[in-house]
Amino acid sequence: MKTRLLAALALVITTPAVAHHGVASLGAAGLEGPGAPLETSSSATLPQGKWLAYLKLDHAKFRTYDPADATEADYAQYWMLGLGYGFTPWFSAYVFQPYNIKKDEPDGFRSRGFTDLSVIGVAGFKYDQGWMLTPANESLDDLMDWHFTAYGGLTLPTGDADHRLQDGSIDPGMSLGFGKPGFTYGLTATKQVSDDTTLVFEAGQIRFQKYAYEDGQTMRFGTETRLNAALAQRLMTLPESRFRVDGNAELNFLRIGRDVENGIKANATGGDMLYGVLGLRLYKDNLSLGLAVKRPIWTDLNEEPDQQGAEGKERYRAILTFSALF
Amino acid sequence: MHIPLLLLLASICASVQAHDLWITRDGSLHTLHYGHERSGHAGVKVIEYKPEQVRQALCVSTAGRELAGENGHTWPVTLKGECAASYFVFSTGYWSKTPYGTKNLPRNEAGMVIDSWLSVESVKRIDAWGAALARPLGLELEIVPLDNPLSLRPGDKLHLAVYSAGKPVAGATVAYFGHPRGVTAADGRVNITLRQPGPQLIQASIETPLADGKADRLVQASVLQFELAP
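Protein sequence lines correspond, in order, to chains A and B. All residue numbers for the first sequence refer to my numbering, where the first residue is 176 and numbers rise by one. All residue numbers for the second sequence refer to my numbering, where the first residue is 340 and numbers rise by one.
Don't read these hints as lab results, they were simulated from the structure. Don't take each hint at face value.
Residues from chain A that keep clear of chain B, each with C-beta distances beyond 10 angstroms, as calculated [to be verified]:
hint, residue
1, Phe289
2, Thr333
3, Tyr388
4, Ala404
5, Leu406
6, Asn437
7, Arg470
8, Asn477
9, Phe497
When the alpha-carbon atoms are kept at most 30 angstroms apart in a straight line, the in silico DSS-like pairs for lysine-lysine are as follows [what the hints assert, rightly or not]:
hint, chain 1, residue 1, chain 2, residue 2
10, A, Lys440, A, Lys355
11, A, Lys459, A, Lys366
12, B, Lys496, A, Lys225
13, B, Lys506, A, Lys225
14, A, Lys385, A, Lys355
15, A, Lys355, A, Lys236
16, A, Lys278, A, Lys236
17, A, Lys278, A, Lys385
18, B, Lys496, A, Lys366
Label pairs and their calculated CB-CB ranges [what the hints assert, rightly or not]:
hint, chain 1, residue 1, chain 2, residue 2, range
19, B, Gln535, A, Ile276, 49 to 59 angstroms
20, B, Gly432, A, Ala499, 42 to 52 angstroms
21, B, Thr363, A, Gln223, 41 to 51 angstroms
22, A, Gln223, B, Gly432, 34 to 44 angstroms
23, B, Ser490, A, Thr333, 51 to 61 angstroms
24, B, Gly450, A, Leu495, 53 to 63 angstroms
25, B, Gly432, A, Ser369, 36 to 46 angstroms
26, A, Gly288, B, Ile453, 55 to 65 angstroms
27, B, Glu376, A, Gln380, 55 to 65 angstroms
28, B, Tyr439, A, Asp460, 32 to 42 angstroms
29, B, Ala407, A, Val368, 43 to 53 angstroms
30, A, Arg490, B, Pro538, 52 to 62 angstroms
C-beta atoms are modelled at their ideal positions from N, C-alpha and C, and glycine is treated no differently.
Required output: the full structure, derived from the provided sequences and hints.
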């Protein structure tokens, strides 16, 4: 059961770090300017004084191997509501409230509820004949320079880490919080290589703290390291309708360290995996809708046969994002 | 990049840049042309204009000093002189859109008017560079390169500012060969990448309300013209 923990909780904290997708193109009314992937963070900051409302659904359907085993994870849904604000042209901050649904196979356990609130700060900078903070006003040609962001944030233990299942037990994998703040940080780089093509790169890490649950068990989840690369390709623009469609292709590498359970490195946790993501992003005025399918295309999990329900063992992940800049 | 600014890029600019002004040079003779030849817009390549529509012709040295130039007063208007920069201001005057068509008249003379504007255009050609040319000449809407544009190569970025009467203009849409690329900031500045060799055509435009009773708005457009070394 604990192997599901990573899939369940990692997204809670990971998504905020990547949740500011689409800002640049929203800021450009979707007609011109760089594209933005769905899972890889772009290097955009919010325009000063602007708000971003954000909604994401990540539906993870897991591979199952034994229909008789009701403890196998069936699916999980990670909902995310977010609000961002551009304090300066180069610094934006976000707050995210996740809501998770995790379900084992029929007759198995199920948990749902709001989990830990998270806050993220993003600082943007660029290179244009020298390093500089992201300026307030950039032409379309300026937007084709290399842009970067450094982000950092943490979760606040507002969720119920000691959430008890139907039988009264506590399973950290089905928990609704980390119990203690988790920390995320990373760097992104974005280069619009032509009017229609944008490349985005991201490296990030999430670290967790040890938490002692009410039933006495302790858990420290393994550190997660992400290396993402993405291509956003403009497919269609209808200027008179202020409508644009981009195609997105991404490779997301994820390394998950072993959990430490009751002071001991846990078996059947952690490993390396590579996801492929294919999606579309639609822009209309100041709105953006993203749709994608994400699948593991290579895995090297530590104890692969025993890690049903963990990241890397999904049949697919269906991703939907919606954001509005105002 | 703010939403309203890019909406300008998407809509307004194309209309106000409907015609091109450009200067050809033959030795010391600078000739002003009007039409659609340079930006690729549809329409007659060269339009014959009235010489009196040229409000000003200016020949400037690399030191930014006005040089005495010999002006021709027939179409096409010419300016003769050893100019580092030549500059023309051109106006077709007031225009009024009515249910019966668009008339070259102020609104108080055009009858039932739906929309009206005063059109003022300018063009600056730079053939030699001096630091003084990085400052505005202090006239109508004007594009001012902040660095020597003649030293740039295709792919380089031109840092420029847009001024009107010597003051920075915020919100002016700037285009490269008719394609909007940016909007000026509060200090009038914007950066444009020069994408092709040879003659360069950078255009700026802005609309401001007018309260002279003759038109609803002032439509100003300006062109910066120079040539990159091959």
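To see whether the hints hold, each was checked on the structure:
no. : hint                                       : verdict
1   : Phe289                                     : holds (32 angstroms)
2   : Thr333                                     : holds (33 angstroms)
3   : Tyr388                                     : holds (47 angstroms)
4   : Ala404                                     : holds (25 angstroms)
5   : Leu406                                     : holds (22 angstroms)
6   : Asn437                                     : holds (52 angstroms)
7   : Arg470                                     : holds (34 angstroms)
8   : Asn477                                     : holds (45 angstroms)
9   : Phe497                                     : holds (18 angstroms)
10  : A:Lys440 with A:Lys355                     : holds (19 angstroms)
11  : A:Lys459 with A:Lys366                     : holds (23 angstroms)
12  : B:Lys496 with A:Lys225                     : holds (28 angstroms)
13  : B:Lys506 with A:Lys225                     : holds (28 angstroms)
14  : A:Lys385 with A:Lys355                     : holds (8 angstroms)
15  : A:Lys355 with A:Lys236                     : holds (28 angstroms)
16  : A:Lys278 with A:Lys236                     : holds (10 angstroms)
17  : A:Lys278 with A:Lys385                     : holds (25 angstroms)
18  : B:Lys496 with A:Lys366                     : holds (16 angstroms)
19  : B:Gln535 with A:Ile276: 49 to 59 angstroms : holds (55 angstroms)
20  : B:Gly432 with A:Ala499: 42 to 52 angstroms : holds (44 angstroms)
21  : B:Thr363 with A:Gln223: 41 to 51 angstroms : holds (44 angstroms)
22  : A:Gln223 with B:Gly432: 34 to 44 angstroms : holds (40 angstroms)
23  : B:Ser490 with A:Thr333: 51 to 61 angstroms : holds (58 angstroms)
24  : B:Gly450 with A:Leu495: 53 to 63 angstroms : holds (56 angstroms)
25  : B:Gly432 with A:Ser369: 36 to 46 angstroms : holds (42 angstroms)
26  : A:Gly288 with B:Ile453: 55 to 65 angstroms : holds (59 angstroms)
27  : B:Glu376 with A:Gln380: 55 to 65 angstroms : holds (57 angstroms)
28  : B:Tyr439 with A:Asp460: 32 to 42 angstroms : holds (35 angstroms)
29  : B:Ala407 with A:Val368: 43 to 53 angstroms : holds (50 angstroms)
30  : A:Arg490 with B:Pro538: 52 to 62 angstroms : holds (59 angstroms)
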